[in-house]
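Q: Produce the complete structure using the sequences and hints provided.
If you read the sequence shown in UniProt numbering, its first letter stands for residue 1, the second for the next number, and so on.
Since the hints were made in silico from the structure, they are not lab data.
Note that this is a predicted model, so its numbers are computed, not measured.
One or more of the hints may lead you astray.
Said to hold, decoys possible - Label pairs and their in silico Cβ distance ranges:
#1 ASP45 with ASN481: 48 to 58 Å
#2 ASP477 with THR97: 40 to 50 Å
#3 PHE544 with THR170: 38 to 48 Å
#4 ASP123 with ASP90: 12 to 22 Å
#5 GLU462 with PHE32: 28 to 38 Å
#6 SER250 with ASN515: 16 to 26 Å
#7 ALA241 with GLU459: 51 to 61 Å
Claimed, not checked - Simulated crosslink set (EDC-like; lysine to aspartate or glutamate; CA at most 16 Å straight-line):
#8 LYS294 with GLU311
#9 LYS487 with GLU530
#10 LYS120 with ASP340
#11 LYS461 with GLU415
Heads up, the beta-carbon is just placed ideally off N, CA and C, and yes, glycines get one too.
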Amino acid sequence: MTRYLILFFIIPFLGVSQEKFVIPDSLSQKTFDQLIDDIDDSEDDDPILWTYLKTYVQKAKNEHNDEELIIGYQKTLKRLPENAALKYSDSILNIATRLNDDLLIGRGYIDRAVIYFKSKNYDESLNNYLIADKYINETNDVYTQYKIKYGIANIKSYLGHHQEALNLFTECKEFYRKREGYNNRQGYLHSLCSMGRSNFRLSNYEECSKINKEGVAESTGEDFTLIHGYFLQSEGINQFAKKNYKESVSYLQKALPEITQNEDFVNIAITYMYLGKDYLKLNDDEKAIAYLQKTDSILQQHQYANLDLRETYELFINYYKAKGDLENQLLYTNRLLDADKILEKNYKTLISTIHKEYDTAALIASKDNLEKTLKRNTIISYTVYCLGALVILVISLLLVRNYKKQKVYKLKYEELIAKTEKKETTPEETIEVTEEATDDLDINQDIIVKILNGLETFENKEEFLNAGINQSALAEDLNTNTSYLSKVINHYKGKNFNSYLNELRVNYAVTLLKNSSVHRRYTIKALAEELGFSNPRSFSDAFFSQTGIKPSYFIKQLEKEPAPLLSA
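A: Here it is as structure tokens:
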């Protein structure tokens with residue numbers, strides 16, 4: 001359902017030269033920066049996103065602002081299918097060529113390279129990266145030069161040129177390592193992770209472990225949790241190659257939640273496949289087949305195959321061959337043949353040279369023999385029926401899940417409003433400092449009272465909105481030490497300092513948004529800054545953790561409420 005809604009809203013947007021879009025009155029006064037915030041804060045499946053994108057593009061056209069028009073096209077093409085995205089990249093190149101700007105032209109070809117890479121057209125992707133490189137080398141933009149180098153390394157890795165890829169990834173890693181800033185840090189970690197995988201492909205297992213250990217240690221910060229799981233996964237796969245199957249399982253199971261959070265279906269499938277391989281080696285067939293079936297389910301859902309995941313079907317065929325299960329042999333033989341069709345399309349330059357345990361001729365012969373044994377027509381009909389039922393079940397589950405999700409969000413919102421109103425009318429309870437508590441904390445009673453009074457002042461004066469506040473600073477303000485402060489907060493507030501601070505800020509945010517229509521028009525980024533959070537992600541995560549809903553959803557629901565709720 002969500003997919004069809006998205007298509008409904010983007011169909012009029014697929015042509016770059018569509019009829020002039022009329023900017024809604026509510027957005028007509030917004031600046032480009034404000035529209036960018038709206039675009040970045042919107043979910044990809046939210047139809048309002050396309051209104052923001054079209055407004056940005058039309059505003060740039062109205063103002064004859066080519067630089068902003070390019071940005072609008074770039075923001076748009078990232079969310080479109082290949083053919084439509086290529087049309088936008090063509091328009092970007094036309095503008096950049098007219099401006100005679102080598103940097104913009106180079107970046108335009110990078111956009112095309114990324115589009116082709118995502119659609120598995122690696123030859124075209126490489127050609128566009130090489131063209132981009134010629135233009136970018138005419139500029140002083142070293143960062144973009146290494147962005148191209150990283151893209152080329154990725155393609156070489158996909159095409160099996162692992163030593164060449166490793167050399168390029170190593171150059172990128174050294175470049176990003178020496179530079180400051182979030183993007184360079186990300187580039188360093190991604191390059192390091194890719195170096196580990198390349199070493200694995202080259203059977204340099206000890207070097208791979210060394211890199212993965214470094215990557216795990218370097219990616220522990222909150223801003224880099226998404227890549228942390230990939231280092232764990234890499235080491236899990238590496239441990240399998242070293243025949244340490246239990247260690248492999250441990251690493252892969254730690255990696256799985258983080259990779260799942262990233263919604264990376266390919267690496268989720270690879271993780272499941274290696275867990276299946278581990279359990280086959282550990283003689284736990286039940287768990288092994290369960291994990292391999294999860295991999296198969298993902299591949300069927302996305303109609304996807306790659307050179308690594310192809311092995312899933314070879315494992316199935318060998319397993320069911322040993323069991324004498326002809327039905328499942330036929331099922332996974334057909335799946336393997338389907339996978340090879342995808343591979344032949346996506347890996348034209350490589351597929352003829354790779355080693356395959358089951359080549360196409362042998363597979364077809366096996367398939368024909370199995371179909372005769374199992375009465376071909378009956379098997380095919382049964383397979384079609386099962387696939388149709390699976391599709392219907394998946395669609396039904398998605399619809400039910402979406403309905404339940406909305407219902408739960410609505411309930412959470414109503415509970416939050418009720419809780420806020422009750423708090424506004426109910427006086428706060430006075431905290432009593434007992435001798436028992438004093439003994440438990442091993443702190444003088446006078447000091448506890450002093451800290452509690454200080455916390456009350458801290459809350460009443462709303463000092464928790466200060467972006468620079470931390471436990472050490474507050475302890476200094478209260479003339480105490482961090483140990484005493486931590487103990488008192490844990491005992492009397494029932495949580496650690498960070499949770500206490502986030503709770504105060506989120507409670508303040510709820511009341512502020514409920515009573516101030518002006519603040520409901522703020523961006524998430526602006527709200528986060530006003531509330532003392534370091535970035536929009538931290539604010540959104542803290543709000544969701546405490547209330548069970550996102551701040552954007554809370555604001556939308558408040559806007560739906562009748563007018564009396566909007567007044568102070």
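Q: Would you mind marking each hint as holding or not holding in the structure?
A: Going down the list of hints, with the structure as the test:
no. : hint                           : verdict
1   : ASP45 with ASN481: 48 to 58 Å  : 49 Å, holds
2   : ASP477 with THR97: 40 to 50 Å  : 59 Å, violated
3   : PHE544 with THR170: 38 to 48 Å : 39 Å, holds
4   : ASP123 with ASP90: 12 to 22 Å  : 19 Å, holds
5   : GLU462 with PHE32: 28 to 38 Å  : 33 Å, holds
6   : SER250 with ASN515: 16 to 26 Å : 50 Å, violated
7   : ALA241 with GLU459: 51 to 61 Å : 55 Å, holds
8   : LYS294 with GLU311             : 14 Å, holds
9   : LYS487 with GLU530             : 29 Å, violated
10  : LYS120 with ASP340             : 14 Å, holds
11  : LYS461 with GLU415             : 27 Å, violated
When held up to the earlier numbered hints, the structure conflicts with 2, 6, 9 and 11 and fits the remainder.
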